[in-house]
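Number of protein chains: 2
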Amino acid sequence: MTRLNLSPADPKPVLVVGSVAFDNIITPYASGERILGGSASYAALATSYFAPARLVGVVGHDFDQAHVDRFQAHGIDTEGLQRDESGPTFFWKGKYHENFNRRDTIDIQLNVFETFRPELPQSYQDSPFLMLGNIAPGLQLHVLDALAESRPYTLADTIDLWIDIQKDELLKVVSRVDLFVINDSESEQLTGEKNIILAGEKLLELGTKAAIIKKGEHGAYLFHPEGRFALPAYPVTELRDPTGAGDSFAGALLGYLAATDDTSFNAIRKAMVYATATASMTVEDFSCDRLESAGAEAIQARFNEILSMTQL
Amino acid sequence: MTRLNLSPADPKPVLVVGSVAFDNIITPYASGERILGGSASYAALATSYFAPARLVGVVGHDFDQAHVDRFQAHGIDTEGLQRDESGPTFFWKGKYHENFNRRDTIDIQLNVFETFRPELPQSYQDSPFLMLGNIAPGLQLHVLDALAESRPYTLADTIDLWIDIQKDELLKVVSRVDLFVINDSESEQLTGEKNIILAGEKLLELGTKAAIIKKGEHGAYLFHPEGRFALPAYPVTELRDPTGAGDSFAGALLGYLAATDDTSFNAIRKAMVYATATASMTVEDFSCDRLESAGAEAIQARFNEILSMTQL
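As given, the protein sequences belong to chains E and S, one line each in that order. Using my numbering, the letters of the first sequence correspond one by one to residues 75 to 386. Using my numbering, the letters of the second sequence correspond one by one to residues 75 to 386.
Honestly, the hints are just simulated from the structure, not real lab data. Mixed in with the good hints there might be a few duds.
Same chains, same label: a pair holds when it works inside one copy or across any pair of copies.
[Claimed, not checked] With a straight-line cut-off of 25 Å between C-alpha atoms, the simulated DMTMM-like cross-links for lysine to aspartate or glutamate are:
(1) Lys268 x Glu291
(2) Lys276 x Asp258
(3) Lys268 x Asp200
(4) Lys344 x Glu379
(5) Lys276 x Glu379
From a predicted model like this one, the values you see are computed outputs, not experimental measurements.
Given the sequences, and given the hints that come with them, work out the whole structure.
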C-alpha cells in the first residue's frame with residue numbers, strides 16, 4: 075500500500091466512524107451480492123491513500139477475516155472494528171434506475187448495527203482528524219462527546235433518512251463540526267432552500283464552519299467563510315456502481331487535509347480535487363474493488379487530469 | 075456603450091444571424107408581454123460588449139423604431155435587419171415550471187419569419203466571425219453557402235425542434251462549423267449518447283471542429299481536439315427569466331474570440347468564462363433588460379468572480 079506523495083510527508087491519522095456492511099446492488103447492467111459496503115469501508119479505504127486511517131465500526135459473525143485483511147492491506151488500523159457474534163453484519167439491498175440518478179432501498183437489515191455504540195480504543199483518543207461517516211446522528215454526537223476534550227478537526231456526512239427521522243440530532247451535529255458534507259437534494263430537504271447558494275449559506279448559519287454540497291455528476295460546491303469554490307465532477311464513462319462515491323469523496327478529502335495537516339480554505343479546495351478523483355475511481359466498479367486496486371499513481375493521474383480539465 | 079477592455083484592442087466584427095421576436099413569458103413568479111426576444115437579439119447584445127455586431131434577421135410591421143434604437147445604442151449594425159411590412163413580428167409564448175428547468179411552448183406564430191431568407195448586405199460580406207443563432211438549419215446552411223468564399227470562423231446554435239423536423243440539414247450544419255453549441259438533452263437527442271463525454275466525442279465525429287455542451291445551472295463542457303474543459307455555471311440567486319441564456323452565452327463567447335482575434339483552445343476556454351458571466355446577467359431580468367443595462371464593468375466583475383470561484 076503506497077500513499078500519494080504529498081508534502082509535508084508527515085500525515086496525521088484520521089479516525090473514521092461509520093457503517094461496515096454487506097450490500098446487494100442491482101444496476102441496469104449488472105449486480106453484486108453480499109459485497110463489501112458501508113460508509114466507513116469506503117471512507118477508510120479512500121483516506122488510506124493519503125493518511126493513516128483508524129476504523130471504528132461493527133461487524134457480525136458472518137464477516138470473514140478476508141474482509142478485515144482488505145482493510146489491513148491498506149494499512150487501516152482495525153483495532154476499533156468491533157465484532158458482535160450475536161448476529162450477522164448490517165445488510166443493505168439497493169437498486170439503481172436507468173440513469174443511476176435514483177436508487178431504491180429494497181431491503182435493509184440492521185442486524186448487529188441495531189445496538190451498535192461506537193467505542194474508541196485508547197490508542198485512537200489522540201486522533202487529530204475525525205470523519206463521521208453516514209450513521210445515525212445520535213451516534214455521531216456520541217463520538218463528538220467522547221472526543222470533546224481533544225476536539226479533532228471533524229467532517230460529517232449524512233443521508234436523507236436521518237433528516238426524516240432524527241433531524242434535531244442531525245442539526246446538533248451540523249452545529250458542532252468543521253466541515254459538513256451533504257448532497258443537493260438533502261441540502262434542500264434540511265434547509266428548505268432549493269437554490270444551492272442559499273442552501274449553502276443556511277448550512278453555515280446552522281453552525282458548521284464550512285459546508286460542501288455535492289451534486290453527483292455535476293460536481294461539488296464549497297461554502298466557506300473565506301469564499302466559495304465550485305468544481306465539476308470527473309466525467310466517468312465507465313460508471314458501474316455509484317455506491318460509496320460520497321463516502322470515498324469525504325474520506326479522500328479528509329485524508330488530504332490530514333496528510334498536509336492543513337485545514338485552510340485553499341487546502342479544502344485542493345482536497346476537493348483529490349476527493350473528486352478518488353470518488354470517480356470508486357464508481358468504476360462494484361463495491362470497493364476499484365477503490366482498493368486503483369493505487370496512488372492512478373489517483374494522482376486523475377487529479378492531474380481534473381486540474382487540466384478545469385483550470386485555465 | 076462601452077466594450078470590455080481586452081487586448082489586443084482591435085476587435086473584429088461578428089455577423090449575427092437569427093430570430094428577432096416578441097415573447098410572452100410566464101414564470102412561477104411573474105410574467106412579461108410582448109417583450110423583445112429572439113436568438114439574434116440576445117446574441118447581438120451579448121456580442122456587443124466584446125466586438126462590433128452586425129445583425130441579420132427579420133421584423134414585421136409592428137416592430138417599433140424604439141426597439142431598433144436599443145440595438146443601435148449598443149453599437150449594433152442593423153443594416154441587415156430586414157423589415158417585412160406584410161405581417162407582424164415572430165411571436166413566441168412560453169411558460170416556465172417551478173424549478174425553471176422545464177418550459178412549455180404555449181403559442182408560436184411564425185408571421186414574417188415564415189418566408190424569411192437571410193440576406194447579407196454587401197458591407198457584411200467580409201465578416202471574419204459568424205454566429206448562426208437558433209433558426210432553421212436550412213437557413214443556417216443558406217448563410218454558410220453565401221459566405222463559402224470568405225469562410226468566417228463560425229459558431230452554430232440550435233434547439234430540439236430542429237432535431238425533430240430537420241435533422242439531416244442540422245447534421246450538415248454540424249459538419250461545416252468551427253464551434254457547435256448545444257444543450258445536454260439536445261446533445262443526447264442528436265447523438266443518441268446519454269453520457270456527456272460520449273455525446274461530445276460524437277459531435278466531433280460529426281464534423282464540427284469543437285463542441286460545447288451546455289448543462290444549464292450545472293455549467294458547460296468544451297470538447298476540442300486539444301482537450302476538454304469543464305466550467306461550472308455562475309450560481310444565480312436572482313433568477314427571473316432563463317430565456318436567452320444560451321443565445322447570450324454563444325454571443326458573448328464569439329464576441330470574445332473576435333475581440334482577441336484568437337480561436338485557439340485557450341481562447342475558447344477563457345471565452346467560456348466570459349460567456350457564463352454574460353449569460354448569468356441575462357437571466358436576472360425579463361427579456362434583454364439586464365443584459366442591455368449590465369455594462370462592461372459588471373460583466374468583467376462577474377468574470378473575475380467566476381475565476382475566483384473555480385480556479386485554485
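Against the structure, the hints:
1. Lys268 x Glu291: Both: 18 Å inside a chain and 13 Å across chains, each within 25 Å.
2. Lys276 x Asp258: Within one copy, since 13 Å is at most 25 Å while 30 Å is not.
3. Lys268 x Asp200: Neither: 39 Å inside a chain and 48 Å across chains, both beyond 25 Å.
4. Lys344 x Glu379: both (13 Å within a copy, 18 Å between copies)
5. Lys276 x Glu379: between (33 Å within a copy, 21 Å between copies)
The structure shown violates just one earlier hint, number 3.
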